[in-house]
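Residue numbers (the working numbering), protein chains in the order written: chain A, 1 to 878; chain B, 879 to 1756.
Treat the hints with care, as some may be off.
[To be verified] Have a look at the derived ranges for each label pair, beta carbon to beta carbon:
hint, chain 1, residue 1, chain 2, residue 2, range
1, B, R1533, A, V484, 45 to 53 Å
2, A, V484, B, G1611, 56 to 64 Å
3, A, D778, B, P1561, 22 to 30 Å
4, A, F96, B, P1561, 52 to 60 Å
5, B, A960, A, V681, 58 to 66 Å
[Unchecked claim] Only pairs whose alpha carbons sit at most 20 Å apart, straight line, appear in this in silico EDC-like list of lysine to aspartate or glutamate:
hint, chain 1, residue 1, chain 2, residue 2
6, B, K1540, A, E406
7, A, K662, B, E1544
8, B, K1531, A, E699
9, A, K295, A, E319
10, B, K1540, A, D637
11, A, K662, B, D1518
12, B, K881, B, E931
13, A, K446, A, D790
14, A, K662, B, D1656
15, B, K956, B, D885
16, A, K653, B, D1306
17, A, K653, A, E759
18, B, K956, B, E944
19, A, K656, B, E1284
20, B, K1540, A, E319
21, A, K656, B, D1306
22, B, K1214, B, E1237
23, A, K446, A, E467
24, B, K1540, A, D778
25, B, K1324, B, D1245
26, A, K142, A, D167
27, A, K662, B, E1288
28, B, K1214, B, D1192
29, B, K1485, B, E1609
30, B, K1540, A, D640
31, A, K78, A, D112
32, B, K1534, A, D428
Derived from the structure by calculation, the hints contain no laboratory data.
Beta carbons: idealized from backbone N, C-alpha and C, even for Gly.
Number of protein chains: 2
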Amino acid sequence: MAKYVYDFTEGNRNLKDLLGGKGANLAEMTNLGLPVPHGFTITTEACRHYLAEGSVPSGLDQEVAEQLEALEAKMGRKLGQADDPLLVSVRSGAKFSMPGMMETVLNIGLNDESVHGLAKQSGGNDRFAWDSYRRLIQMFGKTVLDIDGDLFEHALDELKGRRQDTDLDSGELQQLVETYKGIVRDQTGKDFPADPREQMRLAVMAVFDSWNAPRAILYRRQERIPADLGTAVNIMAMVFGNYGNDSGTGVAFTRDPGSGQQGIYGDYLQNAQGEDVVAGIRNTIPLEDLEHLDKHSYDELVGIMETLENHYRDLCDIEFTIERGKLWMLQTRVGKRTAGAAFCIATQLADQGLITMDEAVTRVTGDQLAQLMFPRFDGGARKKKIAKGMNASPGAAVGKAVFSSERAVELAQQGQDVILVRRETNPDDLAGMIAARGILTSRGGKTSHAAVVARGMGKTCVCGAEELEVLTAEQRFVAPGDVVVSEGDVISIDGTTGEVFLGEVPVVDSAVVEYFEGATEPRDDLVKAVDRIMRHADEARRLGVRANADTPEDAARARRFGAQGIGLCRTEHMFLGERRQLVEDLVLASTDAERQTALDALEPLQKSDFIGIFQAMDGAPVTIRLIDPPLHEFLPDIVDLSVKIAAGKATDKDRKLLTAVKRLHEQNPMLGLRGVRLGLVIPGLFAMQVRAIAQAAAEVPGARPEIMIPLVAAVQELESVREEAARILAEAGVQALIGTMIEVPRAALTAGQIAEAAEFFSFGTNDLTQMAWGFSRDDVEAAFFSHYLDAGIFGVSPFETIDREGVGRLMEIAVREGREARPDLHLGICGEHGGDPDSVRFCHEIGLDYVSCSPFRIPVARLEAGRAALTQSDSDTR
Amino acid sequence: MAKYVYDFTEGNRNLKDLLGGKGANLAEMTNLGLPVPHGFTITTEACRHYLAEGSVPSGLDQEVAEQLEALEAKMGRKLGQADDPLLVSVRSGAKFSMPGMMETVLNIGLNDESVHGLAKQSGGNDRFAWDSYRRLIQMFGKTVLDIDGDLFEHALDELKGRRQDTDLDSGELQQLVETYKGIVRDQTGKDFPADPREQMRLAVMAVFDSWNAPRAILYRRQERIPADLGTAVNIMAMVFGNYGNDSGTGVAFTRDPGSGQQGIYGDYLQNAQGEDVVAGIRNTIPLEDLEHLDKHSYDELVGIMETLENHYRDLCDIEFTIERGKLWMLQTRVGKRTAGAAFCIATQLADQGLITMDEAVTRVTGDQLAQLMFPRFDGGARKKKIAKGMNASPGAAVGKAVFSSERAVELAQQGQDVILVRRETNPDDLAGMIAARGILTSRGGKTSHAAVVARGMGKTCVCGAEELEVLTAEQRFVAPGDVVVSEGDVISIDGTTGEVFLGEVPVVDSAVVEYFEGATEPRDDLVKAVDRIMRHADEARRLGVRANADTPEDAARARRFGAQGIGLCRTEHMFLGERRQLVEDLVLASTDAERQTALDALEPLQKSDFIGIFQAMDGAPVTIRLIDPPLHEFLPDIVDLSVKIAAGKATDKDRKLLTAVKRLHEQNPMLGLRGVRLGLVIPGLFAMQVRAIAQAAAEVPGARPEIMIPLVAAVQELESVREEAARILAEAGVQALIGTMIEVPRAALTAGQIAEAAEFFSFGTNDLTQMAWGFSRDDVEAAFFSHYLDAGIFGVSPFETIDREGVGRLMEIAVREGREARPDLHLGICGEHGGDPDSVRFCHEIGLDYVSCSPFRIPVARLEAGRAALTQSDSDTR
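Work out the full structure: start from the sequences and follow the hints.
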């Protein structure tokens, strides 16, 4: 028969699946000999059974009863015993920390009798006993009985008026207990349960049920936590931080989670229970001041912190309580930290010999590195912070506040920097969001429209700054302290922290970027840490990293950032500007000769473009994609032409162009005449480009072009253009791989055939995502992605991170069947996912040879490629 | 060691893979004891070796030499022997008949010496001998030495002037031989090879090489014949139909291939060799007249025809030669026939006991049935045929000739029927093609732009009528005999036969359609045959057949045509007409209440629509797809609105609508806010539809609604809407399956998950094809499909027939993984492919439960479903 209950002495930190994170760490600390109150954990397995069957597994009640008896024996008191009660806390604790779930009920075991026993136990501290009792009813009522917590808060506020809660005396608290019991009766139709075991039983089932609370379900969907894990329940003997001034409760970090500096960091609150710290009822004191209040406990705590850090080999965060001078550990876990701290801590731990450099690389993430690469506000500058919202899209933006999309566009066109401020955004605001330097909203979370669209644009965004009252019609917002910001007033927003500042805050470039740019030697600790980790990641990674770069300038920057080649050089920009006219000639050509004339004029221009890029890449491979977009994108706008004609200012060519624009108009240009289709339908177009590449390569020593055909869906398409390209290369005496994008689902599904004609594949995951899901990014990101993220349909936009089940499956099919057909097939990715941490890991896992991304994301890709090589699947490290 | 050469006595008709169709049938006839000239076949395996290695396999020369010796021994003469030569023919013969390949070289063995021996052999017929010699040089020159055939034709024409070729005497023919030898020397720089064995060796290799002639490659691509089969070569002792009037050559059919009537059908040409019949140099006589010329041979032929038909159990076509009163069989095969004949022959053969009814069903095709369902021109009417082109898209169309797209649109808007006549069409002609009743071109084949687009539209088209001179600028065309047709003159075109008639030809409805409509009892033989075959197919088939029908009228027709339910009832038409205004209200709603008001107004209208359809279907299942297209499709046109506003005639609502139209505008509506996305983003929309369905079902006894959610890409989308729908159904006390379209690649790739929330899948292969290939039908069919078909990239448009390798693979994945997750998952298809013969077979093969198609295609689907159940993969029956 399954064992459903574990005493803290029976578990360890490796049993998170069974005991949850909290239970496993309590067991670990118990076994380290640290002062943890006695207690036991009910397993996630019991929860799963309860959720599936609707009742607790047989045997559980018996096991709990036995464990409780053992606990009572250890403590020398019985649960809720009238004259000398044992009290316990009941806490949820799943494998992954889940804010959507019930957290804690303290003081279980109190009722109208045992409250007197508790008073006696505490040496006649009646106030303490009644305070504990009212806390029980309040927490139990809210989390177990599902009563609106405001009802209790309101009753407490009424009673205390303008006093602090410590000012309430025992009589008042006794009166509050009666009020609370009345609330319970009113709201549930039943009395507050006086039986301590019944209290405990109900609390355990409430924890189980909280696994399926709506907010918990939503959180799991968004974080992609499996729905069937269940939660454990921890039952622990109560210790009291609210006995008096020799007691208290606090949190501690083994290092500064902000900077990574070693030292004592934390907060302490005298004469309080844990939830008081969270509620912020009174001000905490810095942890180091505890040394003066209670040196014995302080020294013991410092020793324990060292033990824990050496044991966990990482920054730990700790919850503790001091009960009349005796220190108790209530929780520990590996602590969260800022991006900068993560790098510093990782290298420090390596220097201390606690971890290897391999491990150090896995202790930081690409997302953290990316955060360090955004410009940020000058830390030393004077800043007037007026609000804090969600850090929805990182970066630092400064501009004049505007309150409508139209106004944002207007001012931006005048060359002014603006911040678009809205209660919340909707698709109508798109133009304004594009025009603005940053976006600030007072409503909505990280999946709101503003957040989703801003991240998609890479634009700074703070959302859900609820302290702000945005008065759109009056074109102003009001911040706490009656700070009024009207249209035109300058504000600064920090998308990395969520802070909002009044006035212009100076922006400083990222020191990390300066380091990557090679402008500086590693100076400060952070840059030194980044440098060491990047070097180690580069040594470890198996994936190559290339850049998406279309110009010599981008190519040079990419090289500085560590790119080993260009994975995507788009050629369409080479048809813009003054060269549009040649494209117009091409489209209007009515004879082979006219068409060839237009192509002949383009060829030397393209050739010189390629020469510049080959020179910048200095012998590294350059994958050049032949022209992809539909030709009508290069023609004048239909409205402009019509107006010109109506105004009588049109030339003959304009009139012809209008006809061509109408003929080439497409309902769905994404699914139209583009890519290889253009190459097949317009004779000589691809040949011209290949000739320009071949001639440029012939002139630049060491040039290594790779020719990439876009939008291939069938091997026959590739065969047709490949033949001509190979002939042109041979004539020029130039060696170049010829390969294809895999960006259409059918290409992935027939990769075995396509590999017969392709020396390399490069996954175009932008289009592949659009076509696999059947939505175009332009059209749908603003229209419904925020709905989808809120409803948990996506955990993350599939345009940010590769959708493994759909798009990823197509990639896996293509990799497997492509390599079967051609074992030396070279495989890469050049969609924007190539710079996304999770996607880089996926590319490593399915065995690609390289990823290619925008120059700025190259360090992220290098780091993640290193991490991927150094770890197995990270599904267990969330 | 492989055996590369088979004597005709060694093979049989089952060895087509090895001996090709012609060789296998020659062997079969030989073994039946029929009078086939002696000969042997070189296998396709030898050809494959030659093509792969560039040289004939070792041992082949030796085997050929031995077989030739054996042949010489049987015939008592040696190849090219000067005084009494054996002559042979060399013919290609692949597994599948391929017009792109070299066909035949006759008279091999002749040279300046043996021509005299042949004259002697023929009893001093010098003319015959020299004629045979010049034919050898001409055929050999053209097909083996690759010389332009016109050079020989031109020399012949010069010599004979206005005489028939039989008027040339032996001296003139001898002179022609010298001229021909001169041409060979001029064109190749070498003399015509005099060595008979060298002639044979070169001819064999030329046959091998012809496998990879450009036209052969193109033909294989278009017909999807594997490229690696290779061809066999047949070498046969010559018999001569050109010895004189006691000789001749002919073709015969064992039944009338036009009607299926039993009897003697064929043509005979006295004193001629086979190619003369094909070339049409002189007029043939009806085969039955042979009885008067040579009763002995005639009777023998009639007996052989009966033998062959009984042996092959099908209509056979035959090539034969009579040499001085002796009948020889040169070829037989199962003969082509018209659609009507196919049905009649199949049932006749069943009545004769030659085949079973199961086999009879497999002897006809859905395409043939479809041909019989088009209206056709009255057979009895007086018709003036003025030209014949390719039968590019079937049907019968009558209208005034017009020569430009603009004019077609103009006259059509006036309510006139027009036929668009062009040299060839291009994407600019699209509007005119839509406006016209039919399309006629003088250039291009079945893959030309006109043909591809017309088939896509289901519009009658005759293309490549090369006898017509189309003078677009002068708005007229000229037909043979100086018939001039000017704009406005009425013409009639038959897309089933390719014929073009002057004036209006009366159109009669299809008798087969009248029978399906139930208007008539089977009367004539054809309808009786169709009736019997359809009944048998219905008994045999495992696939259900449903209809795509949106109205009670369509539903009723579908029932009459044999639909077992509705597989796709679109609901978007229910938002058109006067109801558009309600959709406008829905889009403009700015509060929940306004939105609900608009939805409440739509609900009773939808309900009454559904009642009508449930009544028409009388207890058969009705799959209703919730609204799919983007809402902007229901709003007024942006240009119309702008004009109205500019003209000062706009209402407030118009102004609001313009804003909404702009906001809802999409770059790629196909990939936009539609399908389930609408249902998730617009609260209450799907609920309104489901409520209307539930209430309608509650009012119609026996109604069997099935609710289908479109455009699902992720199970989470389906779960979200499914929950609400299930609740509404339960409240109304109505039972209904809830399922989803599989029309987005990701849905197929995650079908295992989606099946957890779907009781049925219906494959939307139109969208699935668009997204798997990455092209939108609207945009690309006209723009480049004809290029693609010509280049062999498609064998057939993937919108006509399911692309098995890409789209089909997605379907197979979805079927397999969907059924694994839910064994009783109900599976259908509702894309237009559901009525395409090859696609129906594919649906049978992958195990769907039903196909759904337009009412008119239902009989085709029923027949093809029966055929699929009665046969294995048809890859061998091409």
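Hint check:
Checked against the hint of 45 to 53 Å, the pair R1533 of chain B and V484 of chain A fails, with Cβ atoms roughly 33 Å apart. In this structure, V484 of chain A and G1611 of chain B meet the distance hint of 56 to 64 Å, their C-beta atoms being roughly 59 Å apart. A beta carbon spacing of about 25 Å between D778 of chain A and P1561 of chain B agrees with the range 22 to 30 Å that was offered as a hint. For the pair F96 of chain A and P1561 of chain B, the supplied restraint of 52 to 60 Å is violated, since their beta-carbon distance comes to about 32 Å.
Distance hint check for A960 of chain B and V681 of chain A: the Cβ-Cβ separation is about 59 Å, which falls inside the suggested range of 58 to 66 Å. With a CA separation close to 14 Å, the supplied pair K1540 of chain B and E406 of chain A stays within the 20 Å bound. With a CA separation close to 18 Å, the supplied pair K662 of chain A and E1544 of chain B stays within the 20 Å bound. Straight-line distance between C-alpha atoms of K1531 of chain B and E699 of chain A comes to about 64 Å, which puts the hinted pair past the 20 Å bound.
Proximity of K295 of chain A to E319 of chain A is assessed by CA-CA distance (about 18 Å); at most 20 Å being required, the pair is judged to hold. As the CA atoms of K1540 of chain B and D637 of chain A are separated by approximately 17 Å, the hinted pair is consistent with the 20 Å bound. With a CA separation close to 18 Å, the supplied pair K662 of chain A and D1518 of chain B stays within the 20 Å bound. Between the alpha carbons of K881 of chain B and E931 of chain B the distance comes to roughly 18 Å, so the proposed pair stays at or under 20 Å and holds.
For the suggested pair K446 of chain A and D790 of chain A, the alpha carbons sit about 9 Å apart, so the restraint of at most 20 Å is met. Distance restraint check for K662 of chain A and D1656 of chain B: the Cα-Cα separation of roughly 14 Å lies within the 20 Å cut-off, and the hinted pair is therefore satisfied. Taken as a hint, the K956 of chain B and D885 of chain B pair is honoured in the structure, with Cα atoms around 17 Å apart against an allowance of 20 Å. Annotation: proposed proximity of K653 of chain A to D1306 of chain B holds, straight-line Cα distance about 18 Å (limit 20 Å).
The suggested pairing of K653 of chain A with E759 of chain A is violated, with an alpha-carbon distance near 42 Å, which exceeds 20 Å. Among the hinted pairs, K956 of chain B with E944 of chain B is consistent with the structure: their alpha-carbon atoms are about 13 Å apart, no more than 20 Å. Between K656 of chain A and E1284 of chain B the alpha-carbon distance is near 16 Å, which keeps this suggested pair within the 20 Å criterion. Proximity of K1540 of chain B to E319 of chain A is assessed by CA-CA distance (about 56 Å); at most 20 Å being required, the pair is judged violated.
With a C-alpha separation of about 13 Å, the suggested pair K656 of chain A and D1306 of chain B falls inside the 20 Å cut-off, and the hint holds. A hinted pair counts as satisfied when its Cα atoms are at most 20 Å apart, and K1214 of chain B with E1237 of chain B qualifies at roughly 17 Å. Between K446 of chain A and E467 of chain A the CA atoms are separated by roughly 17 Å; this keeps the pair inside 20 Å, and the hint holds. For a cut-off of 20 Å, the pair hint linking K1540 of chain B to D778 of chain A stands: about 14 Å separates their Cα positions.
A threshold of 20 Å between alpha carbons decides the hint, and for K1324 of chain B with D1245 of chain B the separation of about 16 Å falls inside it, so the pair holds. Straight-line distance between C-alpha atoms of K142 of chain A and D167 of chain A comes to about 24 Å, which puts the hinted pair past the 20 Å bound. Distance restraint check for K662 of chain A and E1288 of chain B: the Cα-Cα separation of roughly 18 Å lies within the 20 Å cut-off, and the hinted pair is therefore satisfied. For the suggested pair K1214 of chain B and D1192 of chain B, the alpha carbons sit about 10 Å apart, so the restraint of at most 20 Å is met.
Only pairs whose Cα atoms come within 20 Å are accepted, and K1485 of chain B paired with E1609 of chain B is accepted, the gap being roughly 16 Å. Restraint check for K1540 of chain B and D640 of chain A: the C-alpha separation of about 18 Å stays at or below 20 Å, so the hint holds. Between K78 of chain A and D112 of chain A the alpha-carbon distance is near 16 Å, which keeps this suggested pair within the 20 Å criterion. Simply put, K1534 of chain B and D428 of chain A have alpha-carbon atoms about 13 Å apart, close enough for the 20 Å limit, and the pair holds.
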